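Chemist: These are the residues of each chain, in order.
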Amino acid sequence: MISGDKIKEIESLALRIRKHIIEMICAAGSGHPGGSLSAADIITVLYFYKMKHNPKEPNWPDRDRFVMSKGHAAPVLYSALAEAGYFPISYLKTLRSVGSSLQGHIDMLSLPGIEMSTGSLGQGLSAANGMALAGKLDKKNYRVYCMIGDGESQEGQIWEAAMTSGHRKLDNLTAILDNNKYQIDGKVEDIKGIEPIEDKFKAFRWNVIKCSGHDIKSIISAFEEAEKTKNKPTMIIADTIKGKGVSFMEANPKDFHGRAPTKEEKQTAIEALCKLENL
Amino acid sequence: MKNKAATRDAYGKTLAELGKINNNIVVLDADLAASTKTGIFAKEFPERFFDMGVAEQDMISTAAGLAACGKIAFASTFAVFGSGRAWEQVRMSLAYTRLNVKVVVTHAGITTGEDGASHQANEDIAIMRVLPNMTVIVPADYIEACKVIKAAVDFHGPMYIRLSRIATPIVYENKDYNYKIGQGIVLKEGKDAVVFACGIMVAIALEAAEALKSEGISTKVVNIHTIKPLDKELIISSAKETGAVVCAEEHSIIGGLGGAVAEVLSENHATPIERVGINDVFGESGKPDELLEKYGLTAGHIISSVKHVISRKK
Numbered sequence: 001m002i003s004g005d006k007i008k009e010i011e012s013l014a015l016r017i018r019k020h021i022i023e024m025i026c027a028a029g030s031g032h033p034g035g036s037l038s039a040a041d042i043i044t045v046l047y048f049y050k051m052k053h054n055p056k057e058p059n060w061p062d063r064d065r066f067v068m069s070k071g072h073a074a075p076v077l078y079s080a081l082a083e084a085g086y087f088p089i090s091y092l093k094t095l096r097s098v099g100s101s102l103q104g105h106i107d108m109l110s111l112p113g114i115e116m117s118t119g120s121l122g123q124g125l126s127a128a129n130g131m132a133l134a135g136k137l138d139k140k141n142y143r144v145y146c147m148i149g150d151g152e153s154q155e156g157q158i159w160e161a162a163m164t165s166g167h168r169k170l171d172n173l174t175a176i177l178d179n180n181k182y183q184i185d186g187k188v189e190d191i192k193g194i195e196p197i198e199d200k201f202k203a204f205r206w207n208v209i210k211c212s213g214h215d216i217k218s219i220i221s222a223f224e225e226a227e228k229t230k231n232k233p234t235m236i237i238a239d240t241i242k243g244k245g246v247s248f249m250e251a252n253p254k255d256f257h258g259r260a261p262t263k264e265e266k267q268t269a270i271e272a273l274c275k276l277e278n279l
Numbered sequence: 001m002k003n004k005a006a007t008r009d010a011y012g013k014t015l016a017e018l019g020k021i022n023n024n025i026v027v028l029d030a031d032l033a034a035s036t037k038t039g040i041f042a043k044e045f046p047e048r049f050f051d052m053g054v055a056e057q058d059m060i061s062t063a064a065g066l067a068a069c070g071k072i073a074f075a076s077t078f079a080v081f082g083s084g085r086a087w088e089q090v091r092m093s094l095a096y097t098r099l100n101v102k103v104v105v106t107h108a109g110i111t112t113g114e115d116g117a118s119h120q121a122n123e124d125i126a127i128m129r130v131l132p133n134m135t136v137i138v139p140a141d142y143i144e145a146c147k148v149i150k151a152a153v154d155f156h157g158p159m160y161i162r163l164s165r166i167a168t169p170i171v172y173e174n175k176d177y178n179y180k181i182g183q184g185i186v187l188k189e190g191k192d193a194v195v196f197a198c199g200i201m202v203a204i205a206l207e208a209a210e211a212l213k214s215e216g217i218s219t220k221v222v223n224i225h226t227i228k229p230l231d232k233e234l235i236i237s238s239a240k241e242t243g244a245v246v247c248a249e250e251h252s253i254i255g256g257l258g259g260a261v262a263e264v265l266s267e268n269h270a271t272p273i274e275r276v277g278i279n280d281v282f283g284e285s286g287k288p289d290e291l292l293e294k295y296g297l298t299a300g301h302i303i304s305s306v307k308h309v310i311s312r313k314k
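Residue numbers (full-length UniProt numbering), protein chains in the order written: chain A, 1 to 279; chain B, 1 to 314.
No lab work stands behind these hints, which were simulated from the structure alone.
Please read these numbers as outputs of a predicted model, since none were measured by experiment.
There's no promise every hint is true.
What the hints assert, rightly or not - Take a look, some chain B residues computed to stay more than 12 Å from chain A by CB distance:
#  : residue
1  : 18
2  : 92
3  : 93
4  : 101
5  : 123
6  : 133
7  : 147
8  : 154
9  : 177
10 : 183
11 : 217
12 : 267
13 : 282
14 : 310
To be verified - From the derived model, a few chain B residues whose C-beta atoms are all more than 12 Å from chain A:
#  : residue
15 : 24
16 : 48
17 : 50
18 : 52
19 : 65
20 : 98
21 : 130
22 : 281
23 : 286
Stated by the list, open to error - In silico DSBU-like pairs for lysine-lysine, Cα to Cα no more than 35 Å straight-line:
#  : chain 1 : residue 1 : chain 2 : residue 2
24 : A       : 136       : B       : 314
25 : A       : 217       : A       : 200
26 : A       : 200       : B       : 43
27 : B       : 228       : A       : 228
28 : B       : 43        : A       : 169
29 : A       : 202       : A       : 181
30 : A       : 202       : B       : 43
31 : A       : 140       : B       : 150
32 : A       : 139       : B       : 20
33 : A       : 136       : B       : 4
34 : A       : 140       : B       : 191
35 : B       : 20        : A       : 230
36 : A       : 192       : A       : 6
37 : B       : 175       : B       : 228
38 : A       : 232       : B       : 191
39 : A       : 192       : A       : 230
40 : B       : 191       : A       : 139
Glycine included, every Cβ here is placed at the ideal spot set by N, Cα and C.
Can you make the complete structure from the sequences, with help from the hints?
Modeler: Have a look at this one:
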């Protein structure tokens, strides 16, 4: 059982990561805050509780792998990597600027700790399958984690990949669907509905677990159940809120899919997040 | 040149041989293992072979994941699907990442034959060579294809290797020649014109050069097996020597070998050029030989292009 203190620590790290996200996107003047904020708690659990990894040895062969298939959520991953010590936190403000390793979408060649370049949706889950297959072939115990988006699940390749994971019984793979219910053009259900998404993955021979994507305990128990599941890949459908933690973004998720906050908005957001931290 | 063999057969045989000595090699196919000849590897090393089903995009990105864990991944399907259907996966997951994946495609060009236009990739060289970090190779015959596959294992990074369905003449009766990625090979010296050729057009270019010789025209023939990185030095020096260039490829005249040579020469040593290739049209069903004739890819077409380009010399 995870201690209450540990949960508090993860929650407070997730808040710090949220602040980084807001600040770096504001500094860049562009980026995708909504889908980074919705993923923040899950990513924090992965990098500070669940995954075996070593910032001092990013290419450690036995490390767990994480693929951010929804590559526009780069800021949440960069923030977690910086907090974990892969590079200095001060570097985060270079996001999206010329010469920076913090590309608008994730580039594996420019930063330590990045397992796969993403940004063109739909490809990360296939790559994660490849890593899981390699792990089985090499008889390694590492796990592969992959986060996909709900909008991203409209990509055909997600289903090609889902069929591969299920067919090949990749039980060393845990995927997380960041189900924040919005995409650029509006509500996923209005644009091209993906429901019943649980049934879809079950039909593709996945073990499916639902969790609350902002409840640390719920996230952790989903990961633990996934780890225990044999002969099937696990999809964790995480119920999340786009823009989570910043009320005016939560209220207007479509606007904040791919828009940077203004300086005033940033100030409001940071103040709100600081208040949460002091609760 | 009496002996004939298909480059795809060279691939299947060589891959299975290499599989024995290199445990790191993994192979993926998209439901065409019997046709691409990866089935030979699959039979010997089933645990290192992944049939991805009819899902080329998934195949390419999965190969990227395997390569990210240190595997040398070969991914095969027909040229039209490996280059076209999965182009963006090749761009994003392989070229951008420089991962060690070899996209080895078969059934390239019009000699795919009876399957018709849907299956005849005449645009693949163009869309692959435009990608940064990609190496693009079209072996001239069975012998060269064996050498290319071996070289591919020793080369780190993404590659596109283009093979044919049908048995074509052996160019390299002497198997012991030295093959190097990116280095063109002069097969015949000549002073009136040079033919740069790749793939099955190399043998046809040699045939044309023989015929031209009997008419008193001395034609240099160069095998440009690597379209990218292009052997610029050899292309420029050959153009300087002869003053007249013909490019011959089983591919669209747009964007392939002819396009690449024209880019280099127009910037470095402007020379009259004629391009022998598919003239910006789709193919159709038919026997390979009939299609080569109908779509302008015979020795006769090279001969008339050589004569025409010589007449354009100033």
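Chemist: A separate judgement is required for each hint: does it hold in the structure or not?
Modeler: Status of the hints after comparison with the structure:
1. For residue 18 of chain B, the requirement that its beta carbon stay farther than 12 Å from each beta carbon of chain A is met, with the minimum near 17 Å.
2. With 12 Å as the threshold on Cβ separation, the claim that residue 92 of chain B sits away from chain A is violated: the shortest Cβ distance comes to roughly 5 Å.
3. In this structure residue 93 of chain B is not separated from chain A by more than 12 Å, as the shortest Cβ-Cβ distance comes to only about 5 Å.
4. A cut-off of 12 Å between C-beta atoms contradicts the statement that residue 101 of chain B is not in contact with chain A; the least separation is 10 Å.
5. Every C-beta of chain A lies more than 12 Å from that of residue 123 of chain B, the closest at about 21 Å, which supports listing it as non-interface.
6. A beta-carbon of chain A is positioned within 12 Å of the beta-carbon of residue 133 of chain B; the least distance is around 10 Å.
7. With a closest Cβ-Cβ approach of about 28 Å to chain A, residue 147 of chain B is found to remain outside the 12 Å limit, as its non-interface label requires.
8. Annotated as non-interface, residue 154 of chain B keeps its C-beta farther than 12 Å from every C-beta of chain A; the closest such distance is 21 Å.
9. Listed as outside the interface, residue 177 of chain B is consistent with that label: its C-beta sits roughly 35 Å from the nearest C-beta of chain A, beyond the 12 Å cut-off.
10. Here residue 183 of chain B stays apart from chain A, with its beta-carbon at least about 27 Å from theirs, past the 12 Å limit.
11. The Cβ of residue 217 of chain B lies farther than 12 Å from every Cβ of chain A, with a closest approach of about 50 Å, so its non-interface assignment holds.
12. Remark: the non-interface label on residue 267 of chain B is consistent with the geometry, its nearest Cβ contact in chain A lying 28 Å away (cut-off 12 Å).
13. The claim that residue 282 of chain B lies off the interface holds: its Cβ sits roughly 25 Å from the closest Cβ of chain A, which is beyond the 12 Å cut-off.
14. At roughly 48 Å from the closest C-beta of chain A, the C-beta of residue 310 of chain B stays outside 12 Å, upholding its exclusion from the interface.
15. Its closest Cβ contact with chain A, about 10 Å, brings residue 24 of chain B to no more than 12 Å, contrary to its assignment away from the interface.
16. Residue 48 of chain B, annotated as away from the interface, has a beta carbon of chain A within 12 Å; the closest lies near 7 Å.
17. Non-interface call for residue 50 of chain B relative to chain A: violated, since the shortest CB-CB distance, roughly 7 Å, does not exceed 12 Å.
18. Remark: the non-interface label on residue 52 of chain B conflicts with the geometry, its nearest Cβ contact in chain A lying 6 Å away (cut-off 12 Å).
19. For residue 65 of chain B, the requirement that its beta carbon stay farther than 12 Å from each beta carbon of chain A is not met, with the minimum near 2 Å.
20. A cut-off of 12 Å between C-beta atoms contradicts the statement that residue 98 of chain B is not in contact with chain A; the least separation is 7 Å.
21. Here residue 130 of chain B stays apart from chain A, with its beta-carbon at least about 16 Å from theirs, past the 12 Å limit.
22. The claim that residue 281 of chain B is not at the interface with chain A holds, since no C-beta of that chain comes within 12 Å of its own (minimum 30 Å).
23. Consistency note on residue 286 of chain B: stated as away from chain A, and its beta-carbon is indeed over 12 Å from all of that chain's, at 33 Å minimum.
24. About 65 Å separates the Cα atoms of residue 136 of chain A and residue 314 of chain B, which puts this hinted pair outside 35 Å; it is violated.
25. Restraint check: the Cα-Cα separation between residue 217 of chain A and residue 200 of chain A comes to about 26 Å, which is no more than 35 Å; the hinted pair holds.
26. The hinted pair formed by residue 200 of chain A and residue 43 of chain B meets the criterion: a straight-line CA distance of about 34 Å does not exceed 35 Å.
27. Taking the CA atoms of residue 228 of chain B and residue 228 of chain A, the gap is near 48 Å; set against the 35 Å cutoff, the hint is violated.
28. Straight-line distance between C-alpha atoms of residue 43 of chain B and residue 169 of chain A comes to about 21 Å, which keeps the hinted pair within the 35 Å bound.
29. Between residue 202 of chain A and residue 181 of chain A the CA atoms are separated by roughly 20 Å; this keeps the pair inside 35 Å, and the hint holds.
30. At most 35 Å may separate the alpha-carbon atoms for a hinted pair to count; residue 202 of chain A and residue 43 of chain B meet this at roughly 32 Å.
31. With a C-alpha separation of about 28 Å, the suggested pair residue 140 of chain A and residue 150 of chain B falls inside the 35 Å cut-off, and the hint holds.
32. Using a Cα cut-off of 35 Å, the hinted pair residue 139 of chain A and residue 20 of chain B holds, with the two alpha carbons roughly 19 Å apart.
33. In summary, the hint linking residue 136 of chain A to residue 4 of chain B is not supported, as the alpha carbons are separated by about 41 Å, beyond the 35 Å threshold.
34. In summary, the hint linking residue 140 of chain A to residue 191 of chain B is not supported, as the alpha carbons are separated by about 60 Å, beyond the 35 Å threshold.
35. Proximity of residue 20 of chain B to residue 230 of chain A is assessed by CA-CA distance (about 32 Å); at most 35 Å being required, the pair is judged to hold.
36. As the CA atoms of residue 192 of chain A and residue 6 of chain A are separated by approximately 39 Å, the hinted pair breaks the 35 Å bound.
37. Taking the CA atoms of residue 175 of chain B and residue 228 of chain B, the gap is about 24 Å. The hint holds against a cut of 35 Å.
38. A threshold of 35 Å between alpha carbons decides the hint, and for residue 232 of chain A with residue 191 of chain B the separation of about 66 Å lies outside it, so the pair is violated.
39. A threshold of 35 Å between alpha carbons decides the hint, and for residue 192 of chain A with residue 230 of chain A the separation of about 33 Å falls inside it, so the pair holds.
40. Between residue 191 of chain B and residue 139 of chain A the CA atoms are separated by roughly 60 Å; this puts the pair beyond 35 Å, and the hint is violated.
In the structure shown, a violation is registered for the earlier hints numbered 2, 3, 4, 6, 15, 16, 17, 18, 19, 20, 24, 27, 33, 34, 36, 38, 40, in ascending order.
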